[in-house]
Amino acid sequence: MGAAADPRTVRAKSGGATVVRYLEVVKRYGGFTALAGVTLEVHAGEVVCLIGPSGSGKSTLLRCTNGLETIDGGEIEFEGERLARDERTLRTMRQRMGMVFQSFELFPHLTAQQNVAEGPRTVQRVGNAEADRRATAMLAKVGLADKAASYPSALSGGQQQRVAIARALAMEPDVMLFDEPTSALDPETIGEVLSVMKALADEGMTMVVVTHEMSFARRVGDWVAVFDAGRLVEQGPPDQIFDAPRTERTRDFLGHLGWAG
Amino acid sequence: MTLDWSVVWEHREALAAGTATTFLLTIATMAIAVPGGIAVALLRMYGAVPLRALAAGYVELFRNLPLILVVYWAFYVVPILTGVGLSALATGLAALALNVTAYNAETFRAGINSIRRGQVEAALALGMSRGQALRRIVVPQALRRILPVLASTWVSLFKDTSLVSVIAVTELAYVSMQVRAQTFRVLEMLTAMAALYWLLGYPQAKLVDWMQRRFRVTE
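These protein sequences, in sequence, are chains A and B.
Residue 180 in the numbering used here is what sits at position 180 of the first sequence, and the numbering runs on without skipping anything.
Residue 107 in the numbering used here is what sits at position 107 of the second sequence, and the numbering runs on without skipping anything.
Please keep in mind that the hints were generated in silico from the structure rather than gathered at the bench.
The reader is advised that the hints may include incorrect statements.
What the hints assert, rightly or not - Which bits of chain A does chain B cover? Going by a derived footprint, with three or more residues having C-beta under 8 Å, they are:
(1) 130 to 144
(2) 206 to 212
What the hints assert, rightly or not - Chain A side only, calculated, beta carbon under 10 Å to chain B, not exhaustive:
(3) Gly67
(4) Leu68
(5) Arg96
(6) Gly98
(7) Met99
(8) Glu105
(9) Leu106
(10) Phe107
(11) Leu110
(12) Ala170
(13) Leu177
(14) Thr189
(15) Ile190
(16) Gly191
All figures in this text were calculated on a predicted structure; none of them were measured in a lab.
The C-beta atom is built at its ideal place from N, Cα and C for all residues, glycine as well.
Only chain B is shown next, with the shape it has when bound in the complex (with noise of 0.2 Å):
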């Protein structure tokens, strides 16, 4: 069996593009989920009965199902649903979002309950409302808190954007396997690809270890 490495380099420019769409999908679905999550664990927690039922609704819902599904659902049937037909890009985003966002849900209702009820009953003491106890005394603390499991998030969710590769996102892993099925370099493709994920993912796991560090609130 002879290899041949040097495909790998004359692909070098489609698959950085590649890993610039991984790392963009990432921010983005973060930059969504984040929030996203923050603003369903309260709705879920303190929101209005028919609110809460929607919250939960949507978690169990988003939870339970493979994610590849639900990427495969949004690119074929949302848009014979709804007539509203979004880029490949958008559709994969929009299927990691609500995927993430409901596991950010579940991982900032466990962190904002695992903050002590005097936190709360110091903060309507000095005078606080609710919403000004959640905002300045628990979230920032659940915050904290939960900044390991949203880190695991983050690596997971990492190399799970390669999921979107099948509905032609050209992201890394899809970007990987059109060389391969061009050039039929499988062991090398493979090999190159599952070195950058594995080069570009543990850098962030060590650096949010560090973060980890940096921001723990010790009582």
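Just chain A, with the same shape it has in the complex (with noise of 0.2 Å):
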């Protein structure tokens, strides 16, 4: 019996055109190899999980995606196009990959409001009152609209990365690139920004995460991709990730856990 027929490997929105492709990806510094050849798909409406050790180049691949690292060898193709290597085309491909990073990085002399109008502003141009018009929405959205006024030094951590995780909506973009985006939250806050990313996924979102919240990985992602010293080694569902990994290093990786497997 082929494993295509195990429903369990079965790769539920294969179907979507493929929105990101990484082919043998190559990332080295100086001597040593973050990536050493990672091939994966995303299709789009998918949330595909990238989890492994610290180290392990989850977070590298995800840079690499939206070009904030260039990569030493293979290709990574976003909506069918070859990633740009020059600057110009590669903003424009950026502006339809939305980022949110682990440290937030919200713009500390902006207001909430303004962090989140301030790429449709900056980079799209569409004018202070629809700029405006999508910050509220997109605040409203994470069910930030009363934090409007106020600026991230006021905030929580779970607010702070929910306004992020809003101004990168306010892009419009195709895909949502999460680097860790609760490990460095309280965990009183941790749950509030995995329910706006659960709300994101559930609209059909196309998401990369990369994240040490295994339950999160298990209950949202459509699919998981494991990583280990700069290799993936092994890619599947969640069921067969979780429940019957097919690598020992994937074993090894979620018992260090305390995933019972």
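Reassemble the complex: the two chains are provided individually, in unrelated frames, and hints are given to aid placement.
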């Protein structure tokens, strides 16, 4: 019996167009190989979770996706086009990819509203009225309409991260990249950020999520990729990864986290 | 020893005019040296290699020359070398601006370097160009952060304008010295001059402290 017949290994949303395709991606820092040839596809409407130990390359892959890091080998395609090397074309691609950082990186000199309106205003040049309209709508979407006039320093970590999500969404991206969005948060505010992300996933947003939240990966992820030492050691639907991992390395990693498997 | 303070009151108009010139010099110098400092700092950090070297050379030259020497040089040597003679006021302003621009450039460079990399990455991730990231995100934050340093530069500059009295710019120090020379009231005039500088400088320093609290950005 072929693997495809096992319901636990079926890729539910693989019918959607390929949004991001990583082909044998290599990234080196001096003598250190951060990515040693990673191949992975992200389809429209999918939530792809990248998991694995610290330093295994998952954040590096995410940062290569929008060109914050340049790759040393292989290829990354975004919506069928090869990721541009020249700044100008890269900028137009970045506008269609929202990114959320571990440390939020809200602009501290701007209010929540201004943070969210900044991209549409400065980059897309939609005009002040439209930028403000989008900012108001996106803050409401993440449940922070009442914090529009607050500066980041007056917000909790969870609130800051929700503003950061709103800031990325205001650009109306085709894919959202999350780089350990809850790793810098107090335990009590992790839930509010995860539920905003879950709501986004339910709306059909394409998402690539680097995370240590295994329960999120299992519950919300459509596809899980396990990294170790710069390689993708296993990928599959959450049921496979968490219930029937096929590699020793996946079992080890999850075992260390207390997953019985 | 008899003191005759009436000499100060008698020359109030000249002293007032000198004070006005001192303020004018301070404001005009900063009006040149703030944008100039930003430009030199950006050139030094992001310019093409020859421009970087030029900016670094400029900063190191003027930071390490005594201001009074620059003032003399601008007044006596530059006209001989270039054939262009400016008024004493314009020459004094040029010397002050060259000096303070060099200091401000280093202040701005430190301020820009203090903004963490993630801020630029967040701006780039939104699709901003590097120039937009600098203008919209990095420089506004850096400016707020270095406001205290700029403020103390301002207060120093207010006093340092007295150095251009050596080329007969009729600012407060020059006027005071003139009155002293004409009246021989040395103690009175020097005391009056000290009082004027202090009374004018102190509120400026306090105003700057207030601005610093008002515009502080917390993270």
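Checked hints:
1. 130 to 144: Since 0 is below three, the answer is violated.
2. 206 to 212: With 0 residues close enough to chain B, the hint is violated.
3. Gly67: Check passed: Cβ of Gly67/A comes within 8 Å of chain B, closer than 10 Å.
4. Leu68: Where the cut-off is 10 Å and the nearest Cβ of chain B is about 6 Å from Leu68/A, the hint holds.
5. Arg96: holds, 8 Å
6. Gly98: holds, 8 Å
7. Met99: Since chain B brings a Cβ to about 4 Å from Met99/A, closer than 10 Å, the hint holds.
8. Glu105: Constraint on Glu105/A satisfied, holds at 4 Å.
9. Leu106: Interface hint status for Leu106/A: holds (8 Å vs cutoff 10 Å).
10. Phe107: At 6 Å from the nearest chain B Cβ, Phe107/A passes the 10 Å test, so the hint holds.
11. Leu110: holds, 9 Å
12. Ala170: This hint holds: Ala170/A lies near chain B, its Cβ roughly 9 Å from the closest one there, short of 10 Å.
13. Leu177: Where the cut-off is 10 Å and the nearest Cβ of chain B is about 8 Å from Leu177/A, the hint holds.
14. Thr189: violated, 17 Å
15. Ile190: violated, 20 Å
16. Gly191: violated, 24 Å
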